[in-house]
Amino acid sequence: MSKGTLFDKVWDLHTVGVLPSGQTQLFIGLHLIHEVTSPQAFAMLRERGLKVLFPERTIATVDHIVPTDNQSRPFLDSMAEAMMQALESNCQEQGITFYNVGSGSQGIVHVIAPELGLTQPGMTVACGDSHTSTHGAFGAIAFGIGTSQVRDVLASQTLALAKLKVRRIEVNGTLRPGVYAKDVILHIIRTLGVKGGVGYAYEFAGTTFEQMNMEERMTVCNMAIEGGARCGYVNPDEVTFTYLKGRQFAPQGEAWEKAVVWWTQLRSDADAEYDDRVVFDATEIEPTITWGITPGQGIGVQEPIPTPDEMPEEERPIAEEAYRYMDLQPGTPIQGTRVDVCFIGSCTNGRLSDLREAARFAKGRRVAEGVKAFVVPGSERVKQQAEAEGLHHIFLEAGFEWREPGCSMCLAMNPDKLEGRQLSASSSNRNFKGRQGSASGRTLLMSPAMVVAAAVTGVVSDVRELL
Amino acid sequence: MGQINSQIQVITGRGLPLVGNDIDTDRIIPARFLRSITFDGLGEEVFADDRTQTQGQHPFDLPQYQGAAILIVNGNFGCGSSREHAPQAIARWGIQAIVGESFAEIFFGNCVAIGIPCVTADPAAIKQLQEQVMTTPQTSLTLDLDGLQVQWEGGSITLTMKEGPRQMFTTGTWDACGQLLAQRDQIQATTERLPYLTWATTKSA
Chain A
0 MSKGTLFDKV
10 WDLHTVGVLP
20 SGQTQLFIGL
30 HLIHEVTSPQ
40 AFAMLRERGL
50 KVLFPERTIA
60 TVDHIVPTDN
70 QSRPFLDSMA
80 EAMMQALESN
90 CQEQGITFYN
100 VGSGSQGIVH
110 VIAPELGLTQ
120 PGMTVACGDS
130 HTSTHGAFGA
140 IAFGIGTSQV
150 RDVLASQTLA
160 LAKLKVRRIE
170 VNGTLRPGVY
180 AKDVILHIIR
190 TLGVKGGVGY
200 AYEFAGTTFE
210 QMNMEERMTV
220 CNMAIEGGAR
230 CGYVNPDEVT
240 FTYLKGRQFA
250 PQGEAWEKAV
260 VWWTQLRSDA
270 DAEYDDRVVF
280 DATEIEPTIT
290 WGITPGQGIG
300 VQEPIPTPDE
310 MPEEERPIAE
320 EAYRYMDLQP
330 GTPIQGTRVD
340 VCFIGSCTNG
350 RLSDLREAAR
360 FAKGRRVAEG
370 VKAFVVPGSE
380 RVKQQAEAEG
390 LHHIFLEAGF
400 EWREPGCSMC
410 LAMNPDKLEG
420 RQLSASSSNR
430 NFKGRQGSAS
440 GRTLLMSPAM
450 VVAAAVTGVV
460 SDVRELL
Chain B
0 MGQINSQIQV
10 ITGRGLPLVG
20 NDIDTDRIIP
30 ARFLRSITFD
40 GLGEEVFADD
50 RTQTQGQHPF
60 DLPQYQGAAI
70 LIVNGNFGCG
80 SSREHAPQAI
90 ARWGIQAIVG
100 ESFAEIFFGN
110 CVAIGIPCVT
120 ADPAAIKQLQ
130 EQVMTTPQTS
140 LTLDLDGLQV
150 QWEGGSITLT
160 MKEGPRQMFT
170 TGTWDACGQL
180 LAQRDQIQAT
190 TERLPYLTWA
200 TTKSA
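Protein chains in written order, with numbering that gives the first Met the number 0: chain A, 0 to 466; chain B, 0 to 204.
If a hint is listed, it holds; no wrong ones were tucked in.
Only pairs whose alpha carbons sit at most 30 angstroms apart, straight line, appear in this in silico BS3-like list of lysine-lysine:
| # | chain 1 | residue 1 | chain 2 | residue 2 |
| --- | --- | --- | --- | --- |
| 1 | A | 162 | B | 161 |
| 2 | A | 2 | B | 161 |
| 3 | A | 164 | B | 126 |
| 4 | A | 162 | A | 50 |
| 5 | A | 164 | B | 161 |
| 6 | A | 8 | A | 164 |
| 7 | B | 161 | B | 126 |
| 8 | A | 8 | B | 161 |
One-sided and incomplete, this derived list gives chain B residues near chain A with beta-carbon spacing under 10 angstroms:
| # | residue |
| --- | --- |
| 9 | 31 |
| 10 | 35 |
| 11 | 163 |
Take a look, some chain B residues computed to stay more than 10 angstroms from chain A by CB distance:
| # | residue |
| --- | --- |
| 12 | 5 |
| 13 | 8 |
| 14 | 13 |
| 15 | 54 |
| 16 | 62 |
| 17 | 64 |
| 18 | 123 |
| 19 | 131 |
| 20 | 138 |
| 21 | 146 |
| 22 | 148 |
| 23 | 153 |
| 24 | 154 |
| 25 | 159 |
These are calculated hints, taken from the structure and not from any lab test. Here a beta-carbon is modelled for each residue, glycine too, at the ideal position from N, C-alpha and C.
Isolated chain A, as found in the complex (with noise of 0.2 angstroms):
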């Protein structure tokens, strides 16, 4: 059993008590919601007669439904529409702090919490989305929750949960020109399995995480779970003091000074004890892809498509399934599969920084023809701030749409969707059968500047080319 860890010490400082079942009653700090997971738990907490017991510890953003091109309300999706209209509602009745469209503040959940200083070290962080794991790179213990456990949260403020495991993955080294965050998470989980950590909360740490910014980190931690992984984080150090320092909801003045000598204590002991440890060398680390049907299937861009027998007898019927779905041959290279469009953006990489990168692989270059080419900015904020520096410019000179904020086509619960068997480069989280809105569509993940490369060029194509 774990001792002495971040998680170890959040854990037990958050714990209301032990459940006559054995399961821990933990507090949440911070609730974050969203339009598509909570209006049955308002519902419920209706029909049992109850009230937000921490409205002010309760947050919402409207996220996966906002159309990216005509925001204009009515939404012309009407089940949107009514979504939309059932957040709003719950929010005013409860009086819950509501970042809406146009807001300034609006965008996806895991990004907007996060730049308003909302997300913090220390803390425990909740929201119906398995993305919430996101958070973790503040040194937070946040996870992912179902309706019925928002309604949970919303009614007590705490949740019913069994402890996790805790495993060390530590990564050292300087990663090499064209290898980013993306590709650290998608070479752990391509390495660790996408079950390997059901049962654990990852704790990412080495010299590769501690010279990442906080939004390199937020996009390692985001991916967690995809690792099956429900949270991960990262110990706070001065990087994720800097970054919070100011923000609207950080703390100020003597608060400050007192939150940083506690977010410091929080950090797990030298000598900490896990319960399991994995060490990874970060310049063996490629621009790394998927090329399946489970965010596990990845391989270097350089590398041909796994063959059944190099693989565990295990792996081999989802490979096989995968082979036939994706419509790609093992032992085949990657690199030149033609993509039909190519997606920016999501709590992964929908970020400043992941703009500033892209941005700097489409300057002067064209997206290739036939390929649909769109950024969704990951808030109002970071579009705002795109544009202040001319981003929106260079990729609308090269060929790609420029859009408004959204979980857009990461799960295309809104208009954007693949079309039939189109294939995208993405640089969301998920490429499991049907993701981006097509029953048939087929998703290739990667790092947003090989996203551009494969825009400009047409087909998947290794960044490291263009630099």
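Using the hints, position chain B against chain A.
What follows is chain B alone, placed relative to chain A:
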């Protein structure tokens, strides 16, 4: 659903085998069906795209499995999104319990919260159970959360389940909301040792 707490100890009914690892929540219920403010109607849409593509040959469509109560799956079932719509769709189709090699964590927790036990067994036992149901679909299965077994005429397999969730089902406390709310004093006490609650409230700006 999930309104009335009730003890869940024994589930009897026919089985539905769904073979394959890493069956994700996007396949269980594609995102377009999440565009709703209720869970109504999700039962008909469970595995919508897989079913369309298999043209009537999907286990959820095959006549011999209609009315089944126990879903039998392989490894990492329910991976992906936190959408409770996935277990809601399965439950609203008629499934009352899921037996598998392993489950994704958020999916498992969502199932507990709506009263659907997910129990595990080793791969050989799952294979045996899936084959039993495939060869004799009318087999009546009895899933016993006290004895941790699935039994049928002529066979049985041993199940495993963590004690916490097992007890939540057998004692009828899987809907935790009431229990959590009963601890208001301890919740208050917990807030007093969390300094960040007073640094800045979300209402201050």
